[in-house]
Amino acid sequence: MLKTDIVIIGAGPVGLFAIFELGLLNLKCHVIDSLEQIGGQCSELYPEKPIFDIPSQVKINGNELVENLINQSKPFDPVFHLGQQANQIKKLEDGYWEVQTSANKIIKTKCIVIAAGAGSFVPRKPPLENLKEYEEKSIFYSIKDKSIFNNKKVLIAGGGDSALDWAINLSSSCDVTLLHRRKEFRASPDSVKKFFELESIGKTKFALGQLLSIQGKNGKIESITYKNEMEEITNNYQYLIPLFGLIMKLGPIVDWGLELDSNLIRVNTENFETSIPSIFAIGDINTYPGKLKLILSGFHEAALMSQKAFKYCNPEKKLIFRYTTSSKDLHKKLGLK
Amino acid sequence: MSKIIVKDRDGKEHILNAEKGLTLMEIIRDSGLDIEALCGGCAACATCHVYIGSKWIDKLPKMQDDEESMLDQTFDLKPGSRLACQIEFIDDYNDIFMELAPK
Ligand SMILES: Cc1cc2nc3c(=O)[nH]c(=O)nc-3n(C[C@H](O)[C@H](O)[C@H](O)COP(=O)(O)OP(=O)(O)OC[C@H]3O[C@@H](n4cnc5c(N)ncnc54)[C@H](O)[C@@H]3O)c2cc1C
Ligand code: FES
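Line order of the protein sequences matches chains R and C.
Under this note's numbering, the first sequence has 310 at position 310, and the numbering climbs by one with no breaks.
Each position in the second sequence, counted from 1, maps to that position plus 1000 in this note's numbering.
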């Protein structure tokens, strides 16, 4: 079992800055995120868009901000557990928490810091009847083993890069159709060109429309119906791969017994602790009178939260306030000579 | 004062005061109606999807690429589908009608 001082749930900008603030106080962090990549909304939703209200950064884009935060946290050797959701928490008799992830990792920790933004990024699911019955059997939102599609009839739905790339990729091993609501794509022009070249020689098919329903039984798809402005069309397919990007869903956190206010976690503004002692919530996920969902507010919250987390981890020790400019002790922690 | 008319997911119509310079999403959100608007109006979440009344569709400015490509990731599209955060209210839209799309 893994053991640490702090488990941070969410590797968005606020979770990342918390590693730094906690690190200055000698607290070690493990960080869990459902995405494979670090950076939360900044990396997933607006990597190239400029942000203008990060103090001292006249202009910085989402990716640059995240890169800087990762570099800033490096001296403290955070351990990342990516591509997995924090699913369950349990209080142990010795006062520790146990956090369990969707990849069945169990981490024992003194405090939990929830920096979960608006929730985990999960695939956007089409609103089809009986969707659940087919998921992971004949509907896949991501592809781990493409050999299962060999020589089958596959419908990919979506109009972004991943939909086009998979349509191209699978064209050599199965009968693949791409369904999209319009003829234009928001994707790299090279992929669009390649796809339609393959279509012109019959290696891929293109269908115009939106998903309407699935027919089949016992999790096996037999046919899929889609519609466009002219008609409804039903064709035989064995697999559906919906690729509509990601959306944030609060997920398992709602069941942890924390006091909530319209899906946000209530905290006090002295140390951003939740209604459960030694569980904190910082960044977009929390609420308190006057809350602003800004990255800079999350940074402030991370600093204050760390002071209280220190007390849980070191009940005997006194915390001495020091500046990073002048403290030799902090310089050592930051790896400076 | 100018108004907009918004039909909620239960079919109830609400008349909201509209102020020039606000987006339709902001007007709906600030009235307390259930519009998620997760990304705060950046055309990055599509949780402000509405159906604009048919006679109003052509009166609105054309969609930019950002909005079109976000609609690509949305379901239940209809001819009047728009992202409410991408339409800034002007007085010409007084009495515009729209319906909230399903969540
Ligand atoms: C288009 C856009 C523009 C913006 N512009 C600005 C701006 O100019 N200035 C500004 O200050 N803010 C801006 N914001 C808001 C800013 O991005 C957020 O305030 C910020 O990302 C919040 O950071 P966070 O770390 O709290 O959460 P997030 O960035 O949302 O990260 C949370 C992370 O937690 C993960 N997670 C959640 N639950 C779990 C779980 N159970 N298990 C595992 N992982 C989980 C998620 O996958 C996610 O990666 C903008 C937002 C958007 C969408
Ligand atoms: S509020 Fe997110 S797209 Fe409109």
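One or more of the hints may lead you astray.
Here are some of the chain R residues that sit facing chain C, going by a computed Cβ distance under 7 Å [what the hints assert, rightly or not]:
1. Leu45
2. Pro126
3. Gly159
4. Thr177
5. Arg186
6. Phe244
7. Gly245
Rough simulated footprint, nothing fancy, chain R against chain C, three-plus residues with beta-carbon under 8 Å [what the hints assert, rightly or not]:
8. 1061 to 1074
9. 1085 to 1094
Hints were generated in silico from the structure; no laboratory data involved.
The C-beta atom is built at its ideal place from N, Cα and C for all residues, glycine as well.
Cross-check of the supplied hints:
1. Using the Cβ-Cβ criterion of 7 Å, the hint placing Leu45/R at the interface with chain C is satisfied: the shortest such distance is roughly 5 Å.
2. A distance limit of 7 Å between C-beta atoms decides the matter here; for Pro126/R the minimum to chain C is near 5 Å, and the interface restraint holds.
3. For the restraint placing Gly159/R at the interface with chain C, the shortest Cβ-Cβ distance is roughly 4 Å, inside the 7 Å limit, so the hint holds.
4. Annotation: interface hint on Thr177/R violated; nearest CB of chain C at approximately 17 Å, more than 7 Å.
5. Annotation: Arg186/R was flagged as interfacial toward chain C, and the flag holds, the nearest CB pair being 3 Å apart, inside 7 Å.
6. The beta carbon of Phe244/R is positioned within 7 Å of a beta carbon in chain C (closest approach about 5 Å), and the interface hint is therefore held.
7. About 4 Å separates the beta-carbon of Gly245/R from the nearest beta-carbon of chain C, less than 7 Å, and the hint is met.
8. Check on the stretch 1061 to 1074 of chain C: 7 of its residues sit with their Cβ under 8 Å from a Cβ of chain R, so the three-residue criterion for coverage holds.
9. Closer than 8 Å: that is the beta-carbon criterion, and the stretch 1085 to 1094 of chain C has 0 residues meeting it against chain R, so the requirement of 3 is violated.
The earlier numbered hints that this structure contradicts are 4 and 9.
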